[in-house]
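Enquirer: Starting from the known structure of chain A, fit chain B onto it as the hints suggest.
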Amino acid sequence: MSAVAITSMHAPSGAVPNLWTLSAEKLEAPSIEYGKLSPVLIVLGVAALGVLLEAFLPRKARYTAQVFVSALGLVAAFAAVIALAAGGAAGTKAQLVGVGALAVDGPTLFMQGVILLTGVVAVLVFAERKLEPAAHGSRVDSFAAQPASVPGGEGEKEATKAGWTTTEVFPLLLFAIGGMLLFPAANDLLLLFIALEVFSLPLYLLCALARRRRLLSQEAAVKYFLLGAFSSAFLLFGIALLYGYAGTVTYSGIARVVSGADATTDPVLAQTTGNDALLLIGGALVLMGLLFKVGAVPFHMWTPDVYQGAPTPVTGFMAAATKVAAFGALLRLLYVVLPGLAWDWRPVLWGVAIVTMVAGAIVAITQTDIKRLLAYSSIAHAGFLLAGVVALSEEGVSSVLFYLGAYSFVTLGAFAVVTLVRDAGGEATHLSKWAGLGRRSPLLAAVFALFLLAFAGIPLTSGFSGKFAVFKAAAESGAGALVVVGVASSAIAAFFYLRVIVLMFFSEPKADGPSVAVPSVLTSTAIAVGVAVTVVLGVAPQYFLDLAGSAGVFVR
Amino acid sequence: MSPINYVYLAALLFTIGAAGVLIRRNAIVVFMCIELMLNASNLALVAFSRMHGNLDGQIMAFFVMVVAAAEVVVGLAIIVMLYRARHSASVDDASLMKL
Chain A
65 MSAVAITSMH APSGAVPNLW TLSAEKLEAP SIEYGKLSPV LIVLGVAALG
115 VLLEAFLPRK ARYTAQVFVS ALGLVAAFAA VIALAAGGAA GTKAQLVGVG
165 ALAVDGPTLF MQGVILLTGV VAVLVFAERK LEPAAHGSRV DSFAAQPASV
215 PGGEGEKEAT KAGWTTTEVF PLLLFAIGGM LLFPAANDLL LLFIALEVFS
265 LPLYLLCALA RRRRLLSQEA AVKYFLLGAF SSAFLLFGIA LLYGYAGTVT
315 YSGIARVVSG ADATTDPVLA QTTGNDALLL IGGALVLMGL LFKVGAVPFH
365 MWTPDVYQGA PTPVTGFMAA ATKVAAFGAL LRLLYVVLPG LAWDWRPVLW
415 GVAIVTMVAG AIVAITQTDI KRLLAYSSIA HAGFLLAGVV ALSEEGVSSV
465 LFYLGAYSFV TLGAFAVVTL VRDAGGEATH LSKWAGLGRR SPLLAAVFAL
515 FLLAFAGIPL TSGFSGKFAV FKAAAESGAG ALVVVGVASS AIAAFFYLRV
565 IVLMFFSEPK ADGPSVAVPS VLTSTAIAVG VAVTVVLGVA PQYFLDLAGS
615 AGVFVR
Chain B
36 MSPINYVYLA ALLFTIGAAG VLIRRNAIVV FMCIELMLNA SNLALVAFSR
86 MHGNLDGQIM AFFVMVVAAA EVVVGLAIIV MLYRARHSAS VDDASLMKL
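In the order they appear, the protein sequences are chains A and B. Note that my numbering has the first sequence beginning at 65, numbered continuously upward. Note that my numbering has the second sequence beginning at 36, numbered continuously upward.
Isolated chain A, as found in the complex (with noise of 0.2 Å):
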């Protein structure tokens, strides 16, 4: 086809450049500020490195090898947020880097920081090898064997034999976490969705690789993956539409056409930006899409099959870090993007928050699983973080910010002792099993009395400075109505998270009950970090509510 007839195609020609001639201008090679940059590039290399480690050493070798790696390589990745932060890029010296497409402000750091914190942790966890019995005289994780082979089949056997076991966890935890790094800094809607595919991958893979009770794992990681892809689907549509409504992908971009700010003399523009339709309705896909993630009700559905089929390690860097990237998206894009939008989303996300949170903590009473009622609690607590984003105002961001990164450590805590408790089918997740632990092995029930005090919100814990924060944002900003049913909500979910407690210290231990396995030094760790960031952070939250305080800016 000849460029004639294409520019005739043209409906409004004119003011309208042409495809064909676009290309041959001098293109110019972007600079990229690499030591902005440098915590995803430092993750993203040492995946990469992991899966060169997973390709040429030999099999005994590579367990010791990817812990180390991955572990240095994400310390050393948080060592360059603290320095970044420490030079002012947090404050003053925000930017936009990489020709715009992200953005290394106050709450990309924190929220960095927070997800690679966690994403040690979490490395410990899955590392954990003192759990599981000795498979024919080796040590093996939580991990499946071959996770190729047929669940019970002759190649599982086989695999287990020979004592092998899924090293390839570690490149994949690191290449989520690469993307996780990206999701919150996206600054155009391209990395959006790249980001968002680059976290979630990794992440369905995970969930199908558990060692024991393998049919139910691969179950979660089909569910997930269908639903994710599905939900990433309608991202992307409402994503072309935002595209089609503004003609550009940036954040700042779409934010001023939203908002009229620059009178526009594009005939083509003045005809989409005309049609409210397509930024409605796009708007509305691409926040379906990050609710989706975020697991708040009516998109929830994934979430307790997810957390119930999933290794618990897996579970709970999920539940942990995917909350923390995806509310630093949905922050970004409704405070960058769409506060212009304001008076249209305010209300959808009021009637989302106050869905979530009843319908999180009422469901939660009635489960029997103590996976599931840790999704549920999750669902119930991504509606109190919604009642902070909200706000729509510099406290509600520095409260979400923090309330984050309180509950993404409870979170790994509480899944880590999970792992602890087993018979010998593995984990002992039934509630009914946790009768009488407080009896068998206090220490274990008091830690994780104090995670379950810590979700429930009960002063002195970081639940509680949390939730103090968010509500207070969100009343601060008009949402008092949220606040009410927040409280309400709060209250009856302490009733479930009691029940629990009460069933550990007052009831008497069974006969053929659980035993609880003495974990080795990384799962203690793992625990004990847990522990003392719920007390710090509520005996003496003030130096972190400062902290996020002032990172509660975006750059635009």
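No lab work stands behind these hints: they were computed from the structure. For each residue, glycine too, the CB sits at the ideal point set by N, CA and C. Any given hint might turn out to be false.
Sample of chain A residues with no beta-carbon within 10 Å of chain B, all distances over it, derived [claimed, not checked]:
hint, residue
1, Ile258
2, Gln282
3, Asp340
4, Leu405
5, Asp487
In silico contact screen, one side only, chain B against chain A (beta carbon under 10 Å); selected entries [what the hints assert, rightly or not]:
hint, residue
6, Leu47
7, Phe49
8, Ile51
9, Cys68
10, Glu70
11, Ile113
12, Leu117
13, Arg121
14, Val126
Expert: Frame of chain A, contents of chain B only:
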């Protein structure tokens, strides 16, 4: 013909894909419907790119193709694994976990 018609076509394809995901019961077919939704988005991106006269949408379509390919790799691995364990790729059969 105005490029806006391609946007209508994209919306139609997207709806067909979404309906297919909800109606069909074979995991592979469900997955194909998701791919249809992604490709509908691609069509919309390219059509809008043509309308606005910039290349953002076309470049994005390339990225989406790569992501869709990566998704096929992961998705087929998971679905084949499910099929080998159960000799069925029906999403109704995968119901060990329920409310």
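Enquirer: Does the nearest C-beta of chain A fall within a distance shorter than 10 Å of the C-beta of Glu70(B)?
Expert: 9 Å, holds
Enquirer: Report holds or violated for the interface hint on Cys68(B), using the least CB-CB distance to chain A and a cut-off of 10 Å.
Expert: For Cys68(B), the interface hint holds, since the closest Cβ of chain A sits about 9 Å away, which is under 10 Å.
Enquirer: Should the interface hint for Arg121(B) be scored as holding, given a Cβ-Cβ cut-off of 10 Å against chain A?
Expert: It holds, given that the least Cβ distance between Arg121(B) and chain A is near 8 Å, below 10 Å.
Enquirer: Against chain A, is Leu117(B) within 10 Å by beta-carbon distance?
Expert: 5 Å, holds
Enquirer: When you look at the beta carbon of Ile258(A), is every beta carbon of chain B farther off than 10 Å?
Expert: At roughly 6 Å from the nearest Cβ of chain B, Ile258(A) sits no farther out than 10 Å, so the non-interface label is violated.
Enquirer: The output says Asp340(A) does not contact chain B. Does that hold with a beta carbon cutoff of 10 Å?
Expert: Given that every Cβ of chain B is farther than 10 Å from that of Asp340(A), nearest at about 15 Å, it holds.
Enquirer: Does the claim that Leu405(A) lies outside the interface with chain B hold up, using a Cβ gap greater than 10 Å?
Expert: 19 Å, holds
Enquirer: Holds or violated: the hint that Phe49(B) contacts chain A, with Cβ atoms closer than 10 Å.
Expert: Nearest chain A Cβ about 5 Å off; hint holds.
Enquirer: Against chain A, is Val126(B) within 10 Å by beta-carbon distance?
Expert: 7 Å, holds
Enquirer: Quick check on the hint: Ile51(B) CB to chain A CB, less than 10 Å?
Expert: 12 Å, violated
Enquirer: Is the Cβ of Asp487(A) more than 10 Å away from each Cβ in chain B?
Expert: 19 Å, holds
Enquirer: Given Ile113(B) was flagged as interface, is its beta-carbon under 10 Å from a beta-carbon of chain A?
Expert: 5 Å, holds
Hints 1, 2, 6, 8 from the list above are not met by this structure, while the remaining hints are.
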